[in-house]
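Q: One-letter residues, chain by chain:
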Amino acid sequence: MTSRPGEVVRFRFDGRDYEGRRGDTLAAALLANGVRRVSTSVQLGQPRGIFSAGGEEPNALVQIETPFPEPMLPATTVEICDGLVATGLPGKGRLADRPDPARYDTVHAHCDVLVVGAGPAGLMAAAEAARGGARVILADERPAPGGSLLGTAEAVDGLPGRRWAAERAAELDGLADVRVLCRTTVFGHYDDNYLVAVERRTNHLGAAAPATTARERIWRIRARRVVHATGAHERFPAFAGNDLPGVMLAGAARTYVNQYGVRPGRRAVVLTTNDTAYPAALDLAAAGIEIAAIVDVRQAPGEEWARRCAERGIDVLTGHVVTAARGAGELSSVVVAPEDGGQARDVPADLLLVSGGWTPVVHLFSQAGGTLRFDEEIGAFVPGDTQARDVRLAVEVAGSARGVPTLSGCLRDGAEAGRRALAAAGFAVPDQAPPPAVEDEPAAAPARHLWLVPAADGDGDDYREHFVDLQRDVTVADVLRATGAGLRSVEHVKRYTTAGTAHDQGRTSGLLTSAITAHALGLDVADLGVTTFRAPYAPVSFAALAGRDRGHLHDPVRVTAMHDWHVARGAPLENVGQWKRPWYYPLDGEDMTAAVLRECRAAREDVAMMDASTLGKIDVIGPDAAELLDRLYTNMMSTLPVGSIRYGVMCRPDGMVFDDGTVIRLAEDHFLATTTTGNAAAVLDWMEEWLQTEWPSLRVHCTSVTEQWATVALVGPRSREVLAGLAPGLDVGNASFPFMTWRDAEVAGIPARVCRISFSGELAYEINVRSWYGLALWEAVNAAGVTPYGTETMHVLRAEKGYPIIGQDTDGTVTPQDLGMAWVVSKKKADFIGKRSFSRADTVRPDRKQLVGLLPEDTGRLLPEGVHLVEPGGTRALGHVTSGYRSAALGRTFALALISGGRERVGERLHAAMGEEMIPVTVTHHVLYDPEGARRDG
Amino acid sequence: MTENLPDHPDWLWAAAEPKRSYDVVIVGGGGHGLATAYYLAKNHGITNVAVLERGWLAGGNMARNTTIIRSNYLWDESAGIYEHALKLWEGLEDDLGYPLLFSQRGVLNLAHSLQDVRDSVRRVHANRLNGVDAEWLEPEQVKELCPIVDVSPDVRYPVLGATYQPRAGIAKHDYVAWGFARAAAAYGVDLIENCEVTGLDVRDGRVTGVRTTRGPIAAGKVALCAAGHSSVVAAMAGVALPLQSHPLQALVSELLEPVHPTVVMSNAVHVYVSQAHKGELVMGAGIDAANSYRQRGAFHIIERQMAAALELFPVFARAHVLRTWGGVVDVTPDASPIVGLTPVDDLYVNCGWGTGGFKATPGVGWCYAHTVAHGEPHPLSAPFSLDRFTTGALVDEHGAAAVAH
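Each protein sequence line maps, in turn, to chains C and L. Residue numbers for the first sequence follow full-length UniProt numbering, beginning at 1 and rising by one. Residue numbers for the second sequence follow full-length UniProt numbering, beginning at 1 and rising by one.
Hints are computed from structural coordinates only; laboratory data are not their basis. Glycine is no exception: its CB is placed at the ideal position from the N, C-alpha and C atoms. Keep in mind that the hints are not guaranteed to be accurate.
Partial chain C-side listing against chain L, Cβ under 10 Å, derived [said to hold, decoys possible]:
1) THR87
2) TYR496
3) LEU691
Here are some chain C residues the structure puts well away from chain L; computed CB gaps all over 10 Å [to be verified]:
4) PRO99
5) PRO430
6) GLY486
7) LYS828
8) ASP842
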């Protein structure tokens, strides 16, 4: 085995160059190169080696440096590629300091039967399900199907296990309705058989990875039935020195020999509690590793195994234990002694294989809500009844995942699980096929469950070298200290010791921790239980979970039909909800202040235009549309004549303003309600929540039509003249087209609905067209010499008029009355949302915060929004500035504020507290411009 | 080698058997229940107290939160109780004689829209007037404090600034719970685990005891501290609480070399993250919209949270999620807690802390113990009475509800 077959792959580890073979894991390649110390333990700083051959690895954690830095992966799962650079970790990983160039993706899939694990049981389950015509997905975390067969090299149907598995998987993959996913870890089992998996697509390719292929992708799978064929992890007993490099799970050593052609050592001792270490020892011996002894804690190993060992000249010491592993930095000898206390001897060895039995991988089953029961025969927790009361899972568990000990048993069990899944999913179950043949399967002797090997005198007898959780450096002494502190729950012991909290989440140590705890408390581990299994089953990268929802795909970017025009005109954009809105349109040399003052003047003195398309628009249609709106808005909507428009306010049940907007009556049974830009979805949700949960009898449908319309607000004393020019067919006279009405018309040759609405106090129109005409309309209006303005000018104009912005001048604690809008609250309606709250003690307090205007004594001083007001000399906050602007119309700065008892304070002098500085202001009525409303009709 | 956590003491508490009666029975052995027991004993000399826990002590939200401690709340009422808590946190390690890993590394609350900025500046001003340390930071100052935050304009919702509370930070939740438990037990409080309350005995409008899976227990007073299950327990005495329970999830990464020196929260992008003492990133997700008493949420919430995390912290891309979990949060209509008396005499309620209960632990324990001991609210918790939902005197901490026109 010194020159292994296969394609050479060159990699670097801890600063040294090595060669491995294509298909090697980093762990296998390191072992092939004689590297035994791979990482450093997290708390004690001791060298650690390679303990397992799979994802359960507690020791050999590495940092990937090249192709791209990735923190903390088990060397046992990293497939080497040319140019791979990795280092052993001292407990902590390191993140890259540059952006990850890779792409990540997400796939949705549905199937009749999802089989998790492509070992013997999983392959059979998938094959049976597929044979019955089900849509099947078979997923396995390893690069190739086969599961345990990859490591044991047992023969099935006369073929080497690996080949048998590959052929079965290839057959399945060839079927139209079957998908076989390798390198795919199912890591979460959620409600209603929703499972999530991560597929690693390019890691093993290194630099050869196609740039267009997603590095990892998340599979979101909905399955009618799930077969958990997740296998079992080998475990180990606690004995002194069990953390030394050179101590390895027996099954892992067997895997290195059989799957990778790698000898993990030269001279091995085997410590076992069961028969499965015997074939491992025999395979190692066949590969040229000297087996110094098999130390079997039982008196009676399986007879056939014992015979074969004798035949090979392997010494089997029954009734013996390993009391200590010894070595400086790595294993050099093993102390072997009869368990009943006879003479101990020191056996030189560089490899100690341990097998403490096999623990079913029940993580997903437990995540799914399945309960576990302790199986005395295998000494571990296994899945309980899937149909127990309050459980009822659409799940089968097959093979060693439920404690089936033999290969032939797993093959049969898998087939049966596949057939059960078929039947449960409603398929006709085909006739049973003969099971694959397994020739060499000697009868097994019972295992013994040994958790803790006491040390011989003087050698680790304080249990500080008996490791329970190798990754967290937790020893038996730590567990005993936890129970000694009074702790009785395994969850507490976990938190006291940190056992089970590391990268491996206690895969090899969880049961051992429970068993040692139970032992210390004099309890049965079956009663004590284990800590909760939680998703993900294996670590999954943040980036994979984020998928494509990053950058500009993080949240939809919504733009209006006129967006490109705004951008071309150099308007800075403001995020308002998901929308991008033009903030202001600076001319050459203008800053924001100058631009906004100019835009304001245009609207007040001439004519200006704004893109108002982002306002939410909801069609409310049906015989009960008016009734619904009467219940939602504080004011009456049912009396609105067709052709008219009414402003309305919606409150929450607590009476606090939630949204506002106009309601247009298009027909007896058809209204169009507008909402604030950011609240459109929330308002539609609100309508639907009431309709669906409280008022299902109302015959009305609500539909978002925000994006179906483009809206141009045309504002200013000259707006009527401009509109008349653009819409020669429309009678724009004040009497024939009065305020708060709408007309259908052709504007610039485009069919439009023109509303006479004003959010500035000026004569104004909102011209609505189908959104694909939006830009044409905008350009036509602009061509008439109209000044465009953005959201900032809109804010100033409305604030001068004392119109609140919901969410800026309100914060969910403000009633319509607080805003000076008692008039919008109906006194006639029997009920509407919020009505009862208006009579509550706190809602009628005279000192509630009310919307007022503020004029700084320094007319050039801009009041920052958010600053608080106090009485001169006082420190108690009376309220805060909600909006503050420079006003072109007023020729000074001004603000809106919510002030306790504000309307009674009009004329009072207050201080805006800017830290130490006090800015004197005078309280005014909140309508500062055109309080008599003279400008509305032009 | 990495920074090791300090050892827990050699002795914590003895598992107690329930007695037939107590002066005070506290229902719920989480952080709030344990802190209440501790301050009942320490401040009020009431030690004939049992804390009943249906599972293992501090195994509910106390074991599931993201350990953020801050007091920069908007309203005077909230600032009062949270700042009281923060001041107690500042002396708690000495008081309890327990290492709590209380780390005042500061908390940043990011602003991503102009309205976020307005709300944030408002909160800073309000905090200062209330004696709570608070600063407004521009994006470049955010970057200085936490270099890994992407403050570039390229992200979907760019960082426009942040509020910063330097005295805020994190602590280690198990240590906090066990510190209170150990100290309470030392005063003679009985900590009774695996003891689920199945009924409340009410006679003539007065609570007289609790029924449990370990038998009936008479009580002079009963103090509920049942977090996500508060409405279920209160209903046993016929008290309806205005609560909705939701799952709230969180997660941790593997241990990483230090990258994140502070705590960053973003309401708009829905992520809050710190790096715990051991080195793992601790991150909280958004709340599940569905009501549930189950300690598990939907997976898309986690996916959404990862997208948000990478939006703000691109360097997290190849960190791994090691473990996710869920707690059950009880949310009131105004997103503020309920602490105080109930319509049933001698029955007290502490609930509705939503996502913010951990940081309040010592403060609420202090005030609730006072309330239970005196039969009337502590001044700092008085605004959080149950009857505010009748009077309308809400303490709305939802923040601004909407954005601009």
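Q: Please go over all the hints and tell whether each is borne out by the structure.
A: Each hint tested on the structure:
1. Because the closest C-beta pair between THR87/C and chain L is about 12 Å apart, greater than 10 Å, the hint is violated.
2. Annotation: interface hint on TYR496/C holds; nearest CB of chain L at approximately 5 Å, less than 10 Å.
3. With its C-beta approaching chain L no nearer than about 18 Å, LEU691/C sits outside the 10 Å limit, and its interface hint is violated.
4. At roughly 5 Å, the least C-beta separation between PRO99/C and chain L is not larger than 10 Å, which violates its mark as non-interface.
5. Interface exclusion of PRO430/C from chain L stands, the closest Cβ pair being 35 Å apart, more than 10 Å.
6. Some Cβ of chain L comes within 10 Å of the Cβ of GLY486/C; the nearest lies about 5 Å off, and the non-interface call is violated.
7. The beta carbon of LYS828/C sits about 23 Å from the closest Cβ of chain L, which is more than 10 Å, so the claim that it is off the interface holds.
8. Not every CB of chain L lies more than 10 Å from the CB of ASP842/C, the least distance being 4 Å, so the non-interface label is violated.
Of the numbered hints listed earlier, those contradicted by the structure are 1, 3, 4, 6, 8.
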